[in-house]
Amino acid sequence: MTEKSKRMTYLDALGLAQREELEGRDDTIIIGEDIALYAAGGAYGDIHPSRIRSAPISECGFAGMAVGAAITGLRPIVDLTIANFIYLAADPIINQAARLRYMTGGQFKVPVTYRASMWHGQANAAQHSDRPYPMFMNIPGLKIVCPATPEDAKGLLKAAIRDDDPVIVFEDNDLWGKKGDVPLDTEFVVPIGKAKTHRAGSDVSIISISGCLRHALKAADALATEGIHADVIDLRTLLPLDNDAILGTLARTGRVVIVDPAHRTMGAAAEIAAIIVEDGFDMLRKPVKRVVTPDVPIPFSPPMEAPLYPNPEKIAAAVRELM
Amino acid sequence: MQNDVQSEAYLRMLKIRGFEQAVTRLVTEGEVPGAVHTSIGQEAAIVGACMALKLDDYISGTHRSHGHPIGKGADLKPLMAEILGKATGICKGRGGSMHFTDKSVGSIGESAIVGGGIPIATGAALTAQVRNSGQVALTFFGDGASNEGVLAECLNMAAVWKLPIIFFCENNGYAAVTSAAASHGQPDIAKRGEGYGVPGVIVDGQDFAAVHAVTEAAVARARRGDGPTLIEAKTYRFDEHCVGLFIKGGYRPAEEIDHFRNERDPVTLLRNSLLADGMSERAVVEIEAQAAGLIEEAVAFAKESPFPDPQEAFELVHANPIPIRR
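Chains as they are written, first to last, in UniProt numbering: chain Z, 1 to 323; chain Y, 1 to 326.
Rather than coming from a laboratory, the hints here were simulated on the basis of the structure. Where a beta carbon is used, it is the ideal one built from N, C-alpha and C, also for glycine. It is possible that some hints are incorrect.
To be verified - Lysine-lysine pairs mimicking BS3-like chemistry, simulated, CA-CA at most 30 Å apart: (1) Z:Lys178 with Z:Lys196; (2) Z:Lys109 with Y:Lys77; (3) Z:Lys109 with Y:Lys191; (4) Z:Lys109 with Y:Lys54; (5) Z:Lys286 with Z:Lys314; (6) Y:Lys303 with Y:Lys86; (7) Y:Lys103 with Y:Lys303; (8) Z:Lys109 with Y:Lys162; (9) Z:Lys179 with Z:Lys194; (10) Z:Lys109 with Y:Lys86.
Unchecked claim - Cβ pair distances, simulated, as ranges: (11) Y:Gly225 with Z:Ala43: 21 to 31 Å; (12) Y:Asn320 with Z:Ser50: 25 to 35 Å; (13) Z:Gly73 with Y:Pro253: 41 to 51 Å; (14) Y:Arg282 with Z:Gly73: 38 to 48 Å; (15) Y:Ser183 with Z:Ser301: 39 to 49 Å; (16) Z:Ile57 with Y:Tyr251: 31 to 41 Å; (17) Y:Ile324 with Z:Pro56: 35 to 45 Å; (18) Y:Ala283 with Z:Glu23: 42 to 52 Å.
Isolated chain Z (complex conformation):
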């Protein structure tokens, strides 16, 4: 009997997804800096030289070329490495990829995947430590996923590559080395737009984004010893948000803590809180709490940087305030 799943890191799961899609379809191409020799999820060397494009340092250029390639029949994966570099590619992603289908009256589909790895908590300072997804959540036409486990990393990246719309995959670099069981089925995908409940509880909801899931689960363990049972859900997809899951967990508990590694002002947590207040106000037993990163550029020095992000202690403290 062949193995159905294998324990591997989040990074290896991303690499597996990419490699399976590349091997499975000859319209899939990868474009990015250094990808032939050194890349997130595995380098490709000389295999498929036509479809593996190690680009010069030209983020705006190749992010835009991917749009042109996508509307003419390919399925490009653009590896933008550090998430901050997505700002250099913002014009083609926002003005072209997100809008071309709409602006041309549906003449094209734009099946392009942008990979951006959020490095943070690693003393890389403000130009290498952003979690930029909230800005892109304000752009109609995009889809945005944020996998938090190796299984979801494989399934969501595959879903993104197979989707006929532009999808940004924000990877949490803090998770790259974390292991989990990953299905080996080449047809395994995680549907875009569906949150996942990781722990059932009736006292409080912890709604988590990206790598904060593991902090949320640790906090839930600690709270359980105090007799507080948390419902922990990982949103997995940020555009579209899974409103049913958000309102569903609220209905179960009446108390919500949102854990979002992005900055406070206009972060993803702000939109989730707004959905709860607009559509679930009557179910709320206490005000919504946010555990987020304060509005400061990320500093270099580790003792300054580390306390800024959500962690299990902050999450547990926020929950206790609601009880």
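Assemble chain Y onto chain Z, guided by the hints.
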């Protein structure tokens, strides 16, 4: 040059000229929402380039977006309907004057982001190369866009990968109202190719035959797998940057405008050339009548067409739709 190529070129140039004159009239009649930019005066550069391409070759363009798809052979009716914001418009009322796109003739997106179409066409050339389809891509951009960094990035990548693409600069001398002299360290955009290993060619953009010949050579080079060419057509826009825009102080000398209108009108130059090559006055007038008829038809079609249902604003956002909160 074959007479039938010249006749077809004359028809296409008249279609662009007449279409834009009709649109200008419709603007003054209050029928056109949004901004309109015409390429009157630049028709030989556009048609000379487009007629060097096959129907399934790709083009991308600019906010001055009408001429390119027309030059590539697009049906005028859905284009005119788009200008008026009608449901029958080529982009179903979601694009308007600055964003003509007609997939059926290889037009993959005009862009109101200056330089925005350059990487799009370069990506289409990448598709052609990956698929070994034999197609080429051509991107139209202006002298203003030549100062956008994305041109440098794409010239370089196209050179490294020998992509089948033509970078076609319609240098009309003015980026909106700023002169090329005031915004370029040296005046010849074609020279920028050399720094990236891309041959640069300067051509008289008012001369259809000259533009057609240099573009044909660039297309042949691209199809052979020898990579990109940068063509700079020196041309001129007769009208304002934008219909209805009047700039006090005159950023363009009146004599310069008069010179181009009177001596360097590409439509008149091609007409004279057709007659000199032996075409009868009657045959020329027949082409002119044909163009006029097509434009009249397009205007009537656009005016008679319905506006879109406002609810349609929520459609076509995604190919695989997602819930949209209202």
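Going through the numbered hints above, which ones does this structure break? Give me the numbers in ascending order. Hints 3 and 18 not satisfied by this model.
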